[in-house]
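Novice: Residue numbers (the numbering used here), protein chains in the order written: chain E, 1 to 255; chain G, 1001 to 1216; chain C, 2001 to 2166; chain S, 3001 to 3294.
No lab work stands behind these hints, which were simulated from the structure alone.
All of these numbers come straight from a predicted model, not from anything done at the bench.
Glycine included, every Cβ here is placed at the ideal spot set by N, Cα and C.
Where hints are given, some of them may not hold.
[Claimed, not checked] Non-contacting residues of chain G with respect to chain E, defined by C-beta distances greater than 12 Å in every case (computed):
{"no.": "1", "residue": "C1046"}
{"no.": "2", "residue": "P1055"}
{"no.": "3", "residue": "P1095"}
{"no.": "4", "residue": "G1098"}
{"no.": "5", "residue": "A1185"}
[Claimed, not checked] With a cut-off of at most 25 Å between alpha-carbon atoms, the simulated DMTMM-like pairs for lysine to aspartate or glutamate come out as follows:
{"no.": "6", "chain 1": "E", "residue 1": "K191", "chain 2": "G", "residue 2": "E1188"}
{"no.": "7", "chain 1": "G", "residue 1": "K1146", "chain 2": "E", "residue 2": "D66"}
{"no.": "8", "chain 1": "E", "residue 1": "K6", "chain 2": "E", "residue 2": "D47"}
{"no.": "9", "chain 1": "S", "residue 1": "K3265", "chain 2": "S", "residue 2": "E3243"}
{"no.": "10", "chain 1": "S", "residue 1": "K3247", "chain 2": "S", "residue 2": "E3281"}
{"no.": "11", "chain 1": "G", "residue 1": "K1154", "chain 2": "G", "residue 2": "D1111"}
{"no.": "12", "chain 1": "S", "residue 1": "K3293", "chain 2": "C", "residue 2": "E2117"}
{"no.": "13", "chain 1": "G", "residue 1": "K1100", "chain 2": "G", "residue 2": "D1204"}
{"no.": "14", "chain 1": "S", "residue 1": "K3040", "chain 2": "S", "residue 2": "D3050"}
{"no.": "15", "chain 1": "S", "residue 1": "K3224", "chain 2": "C", "residue 2": "E2117"}
{"no.": "16", "chain 1": "E", "residue 1": "K194", "chain 2": "G", "residue 2": "D1099"}
{"no.": "17", "chain 1": "S", "residue 1": "K3265", "chain 2": "C", "residue 2": "E2113"}
{"no.": "18", "chain 1": "E", "residue 1": "K191", "chain 2": "G", "residue 2": "D1207"}
{"no.": "19", "chain 1": "S", "residue 1": "K3293", "chain 2": "C", "residue 2": "D2147"}
[As the list claims (entries may be wrong)] Partial list, derived from the structure: chain C residues whose beta carbon lies under 8 Å from chain S:
{"no.": "20", "residue": "A2078"}
{"no.": "21", "residue": "F2080"}
{"no.": "22", "residue": "E2101"}
{"no.": "23", "residue": "C2105"}
{"no.": "24", "residue": "Y2110"}
{"no.": "25", "residue": "E2113"}
{"no.": "26", "residue": "L2114"}
{"no.": "27", "residue": "E2117"}
{"no.": "28", "residue": "I2142"}
{"no.": "29", "residue": "P2145"}
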Amino acid sequence: MQREEKQLDMALDAIIMRVNDLKQSISNMIVKLELEHETLNWPTFLDNFALMSGQLTALTKVLTQDKCPALRNLVVLPIQLSQERDPELLRITEQRVPQFSHDLAPDYLRTKLEPDVEQRMLQLEIKAGNMTYEMAQKQVSAFNKVMNHVWDVVSKAREEWESESGSRSGPQQTTSISDTHLLVSAISAGKNLKMPVPQGQAGPPGMMGPGGRPGVGPPGGPMMNPGQQMGPMGKVPSGIKTNIKAASQIHPYNR
Amino acid sequence: MMAQPLSSAIDTAFKSNIVPDQEYLLQGSVLDKVVEVLLHRLRGLCDNVDSGPEPFQDHEMCFTIRTTPTPLNLRVRRALDHQEMPWQLRYIGQPEYGDKMRPTIIRSSIDIGCSATVVEFLTELGCRMEFEYIARGYMFRKGRMKITVSKVFKMNQNKSQESMEPLSESYLVELSVLAPRGQDAIAEDMRSFAEQLRPLVNLDKVDFKRLVHGPP
Amino acid sequence: MILMPNFGVVVAGPPRTVHLLNNSEQPATVFSILESGQKQVPLVSDPLFMDLMKKLASVYTGKQQTRMEAKGPRFEVADFLVKLGTVTMNQNFKGVLVEVEYRPCVVPAYCWELIREFMQGFLGTCAPAQAPVYLQNRMQEIYQPLDTIQQYLEQFREYRKAVTVR
Amino acid sequence: MAVEPLYNALSAIKTLRSNVAVAFESLGNGIRSDHGEDGKETKFLLELQDQLTVVNNNLRDVEQSIGNLQPPHNPFSLGNSGYLSHEYSHDRQALYSQLVLSYKWTDKVHEYCNLAHAQLSQNSLTRSYTNTASAKRRRVQTSSHNVPPHAVDKVITQIDRLLPEMSVSITRPFATNVVLHVSVGRVLRAIIAFKGLLIEWIIVKGFMESLDLWTESRFKVFRKVTENAHAAVMRFYMPPMPEVSVKSFMTWLHSFNTLFSDTCKGCGLHLRNAMPPTWREFRTLEPYHEECKP
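Using the sequences provided together with the hints, build the complete structure.
Specialist: What follows is the structure, encoded as structure tokens:
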């Protein structure tokens, strides 16, 4: 007897510990929901659920353990009910239960569901029991079909997204080093640009404007770099073409 | 050689480092198919947002003249799309690549606006035209930085502009600043700007000398 | 006001001469005229071109460095511009050049008679009857600042040939 | 001012707009599921027809209520609400002061318009709608102000063809009225602003100068020519026959082709006071110095 009691104590301690863990994490979650609902993100929320589910599993494991005595064989008896406030009770229940009275005791010592809840459970069970096997099968397959479809959609979207981001981050070529080298050496040293015939005659092949007099051709007379610090230009007539252009560009009438 | 008031004025200008004669340069290229993306990005990054990119089409001729110790390179550039603009004569010195710490190529550069007779002038002077090409593309500005995105074409003999033969399937991208001597801070700005264009374009110090002598 | 067309000479292997000139009317422009035999190639450019010529220094034997200058007062009478330039060659006095420009007109042929009449007004019989040789072939063309430079160059050349003061 | 009909009209317009929106919405949605399966097209058409009938009725209502409205005879008076700018409360104050300002502004515009109208209808001496200082000589002929653009073009191109040394280009910077860029030989350029077929303004400049309507030439001789050209515009002014007027003016301007090469008919010289003959006789086109003219 002595040994059994000891075992019971140990089992109860273990259960209480697990239940406390569970309670702790539930209250943590509630605090989070209340205080951080604006910044709370979905993954951490799901993490909380996962934690709780783990704790529940642990609890069930403890209950089904061989070492655990069959709790259902034990009876809990309220020995004394009292209308008085019991500070000790208040402390150990974290200010939840002020007194162990007639009113509250049945609820706390309840081993069955509330009558109306029990009734509704019963109804549902009857309904489920009435369903034929084929119908159930049909519903299950319909449900599976929907789920598969959603799964497909999600995985396809994910595939697309991954392939796109993969290609973007991938080494898409926008510049070619060999082309850079080709171009730079071409404009700097004339690679690939030099004329095939060696120039005996140094004269450029006739792409010159009219020689002799400057300004007869298109470029107009002497023109200065505007950024010169050498003072204002003197009387410098520019080409005729420039003149017309300037006149049509500057709108003198636009006031 | 000449002791004239004007040239002495220029001497003073050179001595007091107000003539922008140093070119800071970074080069790179971008494949034809993504050039639109680059142009779009440059439009967003550069100053001329509202006016859009400035198109250009230039004809560049490169001349050399034998001087001691090294031959001198002179370049003549003219705008094919704005024939009335003055031509540009340009002297480009030997590029300095520096070590890893230096962000850009530095080379001395003198830009001179001049009349269209410049080619005949140089030829008579004893210069020899080495090669010529046409660059067509877009120019962007960002502060003092100039960004050109251009396609390089070979000159063909019949001169029709439609049938120009591109040199490669990429656009040449150049980031340059012309500044007076000793303003190395701008090079850092260029590096950070080039960083913003990565990985679309890798603007870097391209040492063409090594490329020319390296494997073809 | 001073007019100073400057005159530098550089000679290369085959007889080629580059004259660099500068006019105070166009202070930010350098006029270069290259003479190669009978051929003349002018170039109008930024003053930075001077710097480039220095880079080319090793090509040339700066044998005959002559520096000529016309310097003097500048007058404006209505639309006429008159400049009296004292010509010096390497600091030696050579003579006086009179430049008359009628600025509203851009074609020499149209206003030559007018200019001649103007010059007769203050030069009397010294006024030339014919337009300068350089201009005679270009009477119908639009006048450029380079044309002024070319005429100065022509006059300077005359001075260099003449040993004595005219 | 009866406010009731105005309200009615406004609400009628509101109904019309909402019903039109409904009609377009159902048209835009096309055939819906509630049209059923059989004969959905006809059902849809019927629905649309109904809606259009409603719209039609609404439109009629609107027109009717607009017919009932009377245009206001005098500008609205704000009456006592004008004092609302004294409202102490801050957020309201901004609104009401602006209201009163804009009311005052419109009131002023109204007043000025009335005055201007009275002035303009009395003063028949103006050459155009805008009073230019040099323009108060002759009677106005509205017909020559208001000429269709192609007619103007025709007259100008005719003149262009007539005078070989003159090249003319037409621009229209402000809608209808022409601004001409004229170059005469390689001597001068001019910019001429027209009002219809009447010459309003002219500036003469050197051949190499840039043209615009307001800045004078750098050269004395062209400033003088501009002055004379203004006189010529007056001299040739002939509203009943604007083409002739323009043509004779252009012929006169064309005679400046020889501005630098002609000698004065009076003294036989090129120059007087260092100026060429800048005056051209209006009929004979003979050149004279300013001081020599008969």
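Novice: Does each hint fit the structure? Answer for all of them.
Specialist: Hints and how they fare:
The Cβ of G/C1046 lies farther than 12 Å from every Cβ of chain E, with a closest approach of about 19 Å, so its non-interface assignment holds. The Cβ of G/P1055 lies farther than 12 Å from every Cβ of chain E, with a closest approach of about 17 Å, so its non-interface assignment holds. Under the 12 Å C-beta cut-off, the non-interface status given to G/P1095 relative to chain E is violated; the minimum distance is some 8 Å. With a minimum CB-CB distance of about 17 Å to chain E, G/G1098 clears the 12 Å threshold, and the non-interface call stands.
In this structure G/A1185 is separated from chain E by more than 12 Å, as the shortest Cβ-Cβ distance comes to about 20 Å. Between E/K191 and G/E1188 the alpha-carbon distance is near 30 Å, which puts this suggested pair outside the 25 Å criterion. Simply put, G/K1146 and E/D66 have alpha-carbon atoms about 84 Å apart, too far for the 25 Å limit, and the pair is violated. A C-alpha spacing of about 37 Å is found between E/K6 and E/D47, which places the hinted pair above 25 Å, so the restraint is violated.
At roughly 30 Å between alpha-carbon atoms, S/K3265 and S/E3243 are farther apart than 25 Å, so this suggested pair is violated. Using a Cα cut-off of 25 Å, the hinted pair S/K3247 and S/E3281 holds, with the two alpha carbons roughly 16 Å apart. Restraint check for G/K1154 and G/D1111: satisfied, since their Cα atoms lie roughly 24 Å apart, inside the 25 Å limit. Taking the CA atoms of S/K3293 and C/E2117, the gap is near 20 Å; set against the 25 Å cutoff, the hint holds.
A threshold of 25 Å between alpha carbons decides the hint, and for G/K1100 with G/D1204 the separation of about 11 Å falls inside it, so the pair holds. A threshold of 25 Å between alpha carbons decides the hint, and for S/K3040 with S/D3050 the separation of about 15 Å falls inside it, so the pair holds. Pair hint S/K3224 plus C/E2117 holds up; C-alpha atoms about 21 Å apart against a cutoff of 25 Å. A distance of roughly 31 Å separates the Cα atoms of E/K194 and G/D1099; the hinted pair therefore is violated under the 25 Å criterion.
Distance hint between S/K3265 and C/E2113 is fulfilled; the C-alpha atoms sit about 16 Å from each other, no more than 25 Å. This hinted pair checks out: E/K191 and G/D1207 have alpha carbons roughly 14 Å apart, not beyond 25 Å. A hinted pair counts as satisfied when its Cα atoms are at most 25 Å apart, and S/K3293 with C/D2147 does not qualify at roughly 36 Å. Evaluation of the C/A2078 hint against chain S yields a held restraint, the C-beta minimum of about 4 Å falling below 8 Å.
At its closest, the beta carbon of C/F2080 sits 6 Å from a beta carbon of chain S; the interface hint therefore holds under the 8 Å criterion. The beta carbon of C/E2101 is not positioned within 8 Å of any beta carbon in chain S (closest approach about 12 Å), and the interface hint is therefore violated. About 5 Å separates the beta-carbon of C/C2105 from the nearest beta-carbon of chain S, less than 8 Å, and the hint is met. At its closest, the beta carbon of C/Y2110 sits 4 Å from a beta carbon of chain S; the interface hint therefore holds under the 8 Å criterion.
The beta carbon of C/E2113 comes within 6 Å of a beta carbon in chain S, closer than 8 Å, and the hint placing it at the interface holds. Satisfaction of the interface hint for C/L2114 is found here, the shortest Cβ-Cβ separation to chain S being roughly 4 Å, below the 8 Å cut-off. Among the interface hints, the one on C/E2117 holds; its C-beta lies about 5 Å from the nearest C-beta in chain S, closer than the 8 Å criterion. Residue-level restraint check for C/I2142 holds (minimum Cβ-Cβ distance to chain S is 7 Å; threshold 8 Å).
The criterion of a C-beta within 8 Å of any C-beta in chain S is not met by C/P2145, whose closest approach is roughly 11 Å, and the hint is violated.
The earlier numbered hints that this structure contradicts are 3, 6, 7, 8, 9, 16, 19, 22 and 29.
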